[in-house]
Amino acid sequence: MKVFAVAEHRFGELNPLSIELLNLANKLGESNAVVIGKDVGKFADELAKYADKVWKIEDASLENYNPELYIDVLLQLFQKEKPDVVLIGNTAQGAEYAPYLAVKLNAPIVTDVVGVNTANGLVASRFVMQGKIMVDLKIKSMPCVLTVRQGAFKEGVQKNGKIVDAGIKPSVAAKRKFIEYVQPEAGEVDITKANIIVAVGRGIEDAANISLAEELAKALGGVVAGSRPVIDNGWLPKDRQVGISGKVVKPKLYLALGISGAFQHVMGMKDSELIIAINKDPEAPIFGVAHYGVVANLFDIVPELLDKLKGK
Amino acid sequence: MKIIVLAKHAPDPQSEVGVAGDGKSLSLGTAVFDINDWDRYAVEEAIRIKEKMGGEVVVVGVGKSEDTLRKCLAMGADRAIKIPFDAGLDAYQTAEVICEAIKNEKFDMIFAGLMSQDYNNSQVGVILAAMLNLPFATAVTSLEIGNGVVKVKREIEGGYQEAVQLPMPCLLTIQSGINEPRYVSVMGIKKAKTKELKEVSITPKMSTVEVAKMYLPPVKKAELITGDPSQIATKIIAILKDRGLIG
Ligand SMILES: Cc1cc2nc3c(=O)[nH]c(=O)nc-3n(C[C@H](O)[C@H](O)[C@H](O)COP(=O)(O)OP(=O)(O)OC[C@H]3O[C@@H](n4cnc5c(N)ncnc54)[C@H](O)[C@@H]3O)c2cc1C
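Protein chains in written order, with our numbering: chain F, 59 to 370; chain P, 7 to 253.
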């Protein structure tokens with residue numbers, strides 16, 4: 059199988075997920091990396107260690123990611139090279155342009171892939187229901203596009219591929235214009251520095267109940283953080299969000315209260331030294347990453363914890 | 007400003023869900039259905055724009071979507087189109103029927119939720135943009151309209167945003183938290199009853215993926231702490247003391 063993995067970079071850094079795409083590519087067959095940008099030499103060198111071949115697409119107009127230009131140059135390359143499988147990172151960037159590219163390639167697409175099986179055609183595995191259920195999807199025709207979840211293909215082989223200039227330039231003027239990157243605002247509390255984090259999810263139910271978590275955090279000498287819905291609802295400030303679009307934390311203790319454990323949240327806290335999760339749903343995916351789990355109503359457990367910590 | 011919004015009637019993943027007897031579909035016996043969370047933000051954003059600038063908001067639902075479409079009308083959307091076809095996990099099919107249903111509408115923008123809370127595909131909006139050859143942006147967290155263009159911030163990793171500008175017509179997928187969706191008022195519900203909810207039957211031609219198997223994921227399970235609340239609290243505190251996390 060001829061596989062093309064599109065690398066990703068931002069702020070001058072190669073996204074390590076690009077190597078994971080090549081791990082999967084090497085598993086499936088001939089591995090080709092594609093790297094797009096203004097000056098991509100150093101990324102190509104890094105990618106060549108894991109690919110049979112690296113294709114460079116360079117142009118000043120490609121300095122910042124633009125989906126229309128990425129799709130245009132990729133289509134030019136793929137029309138010539140005829141891949142069977144195109145791999146793209148399931149990131150803010152990849153997940154954005156991959157479905158559009160798939161349509162233009164007349165290719166089926168599966169997003170957020172965590173497993174691939176070729177025993178009987180091409181079958182891609184992914185989660186549905188925010189991690190509660192898994193599905194194997196049979197892909198009906200080739201070529202196909204897969205966006206791949208970070209961490210799913212960590213192991214792979216080393217190669218020493220050759221680097222070629224694809225000789226491709228954008229053939230369209232993009233309608234969408236890049237303006238700038240906007241940095242996150244700095245808040246009062248830096249949750250990435252805390253040793254103990256009491257994290258609350260939608261299970262906390264209401265803004266008024268945040269004080270319960272605050273009290274517990276105080277008793278433990280920690281800080282309160284939250285999952286995305288808690289921040290979206292305005293119950294905690296934006297800089298307290300843990301997850302891919304929030305912060306990555308590695309405290310000594312992560313106490314997760316009423317958090318389901320969606321992948322986007324887990325990516326921000328899975329490396330915590332000790333994870334204890336309280337959730338009333340025994341099937342909640344958070345129990346897959348927690349060291350200790352309590353299947354219960356958090357409103358029954360937290361007051362008991364507080365009483366005991368205060369020595370009552 | 008005419009805005010088309012895609013709204014899915016979807017089961018809440020928090021409710022009890024499992025795999026049906028056929029091993030290929032979800033069992034949703036007691037699941038609670040409501041408007042897909044991301045679409046709620048999309049509908050709200052469209053209605054706010056209409057309230058400010060005038061125009062029309064048209065909501066489109068695919069599959070069993072009547073309750074959700076009525077809710078959108080009660081929030082303030084002007085009319086609704088229902089396409090009673092269940093595409094399952096094949097987002098191409100969903101996009102194809104929507105494309106067919108709206109092809110004669112002269113819209114300025116299409117809003118879709120960033121993803122659906124049940125299948126988590128994040129595909130329908132962008133596939134539709136491709137079918138209609140529209141400029142697009144995903145994971146939009148704020149937007150500002152001026153002179154035929156829309157300036158948006160879209161979310162990228164690590165708390166960063168990317169600011170981009172698009173001409174209209176265009177398609178945006180909306181990220182949660184962009185606004186605070188309103189509650190549906192009694193007045194709104196009354197008004198909604200008089201609004202148009204048109205049903206159009208369309209069957210897609212294409213089929214790109216097929217469910218081979220659905221199953222519960224094999225997970226490494228946490229060590230469970232059991233007992234009554236007081237016993238559980240005592241055990242947790244013992245673990246924390248043991249690790250030197252508390253005195
Ligand atoms: C592009 C993108 C980026 C995202 N970025 C992030 C991110 O950075 N961080 C993030 O967190 N999410 C992020 N998300 C959202 C993510 O997909 C989930 O929607 C979110 O993490 C769910 O939050 P939750 O677990 O608090 O809520 P839910 O999934 O609603 O879960 C609530 C849980 O609480 C439990 N519960 C309810 N009541 C109680 C009770 N009384 N006692 C005990 N348990 C109870 C329920 O059983 C359930 O498991 C992102 C999504 C997308 C698409």
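None of these hints come from the bench; they were simulated from the model. Quick caveat, the model's predicted, so the values are computed rather than measured. Even for Gly, the Cβ is constructed at its ideal location relative to N, Cα and C. Don't take every hint at face value.
[What the hints assert, rightly or not] Short derived list, chain F residues pointing at chain P, Cβ under 8 Å:
hint	residue
1	G70
2	K162
3	I167
4	M187
5	K196
6	I226
7	V230
8	R234
9	A266
10	L270
11	I289
12	H349
13	E362
14	K366
Outcome of the hint check:
1. With its C-beta approaching chain P no nearer than about 14 Å, F/G70 sits outside the 8 Å limit, and its interface hint is violated.
2. The interface hint given for F/K162 is met, as the beta carbon of that residue sits about 6 Å from the closest beta carbon of chain P, less than 8 Å.
3. Residue-level restraint check for F/I167 holds (minimum Cβ-Cβ distance to chain P is 6 Å; threshold 8 Å).
4. With its C-beta approaching chain P no nearer than about 4 Å, F/M187 sits inside the 8 Å limit, and its interface hint holds.
5. Look at F/K196: its Cβ gets to within about 5 Å of chain P, closer than 8 Å, so that hint holds up.
6. Hint status for F/I226: violated, given a least beta-carbon distance of 20 Å to chain P, over 8 Å.
7. Interface hint status for F/V230: violated, as the beta-carbon distance to the closest one in chain P is roughly 11 Å, over 8 Å.
8. At about 5 Å, the closest approach between the beta carbon of F/R234 and any beta carbon in chain P falls short of 8 Å, and the interface hint on this residue holds.
9. The beta carbon of F/A266 comes no nearer than 17 Å to any beta carbon in chain P, farther than 8 Å, and the hint placing it at the interface is violated.
10. The interface hint given for F/L270 is broken, as the beta carbon of that residue sits about 14 Å from the closest beta carbon of chain P, more than 8 Å.
11. For F/I289, the shortest C-beta to C-beta distance to chain P is roughly 7 Å, which falls under 8 Å, so the interface hint holds.
12. At a threshold of 8 Å, the smallest CB-CB gap from F/H349 to chain P is about 6 Å, leaving the interface hint in force.
13. Taking 8 Å as the C-beta contact cut-off toward chain P, the hint placing F/E362 at the interface holds, the least distance being around 4 Å.
14. This hint holds: F/K366 has a C-beta 5 Å from the nearest C-beta of chain P, less than the 8 Å allowed.
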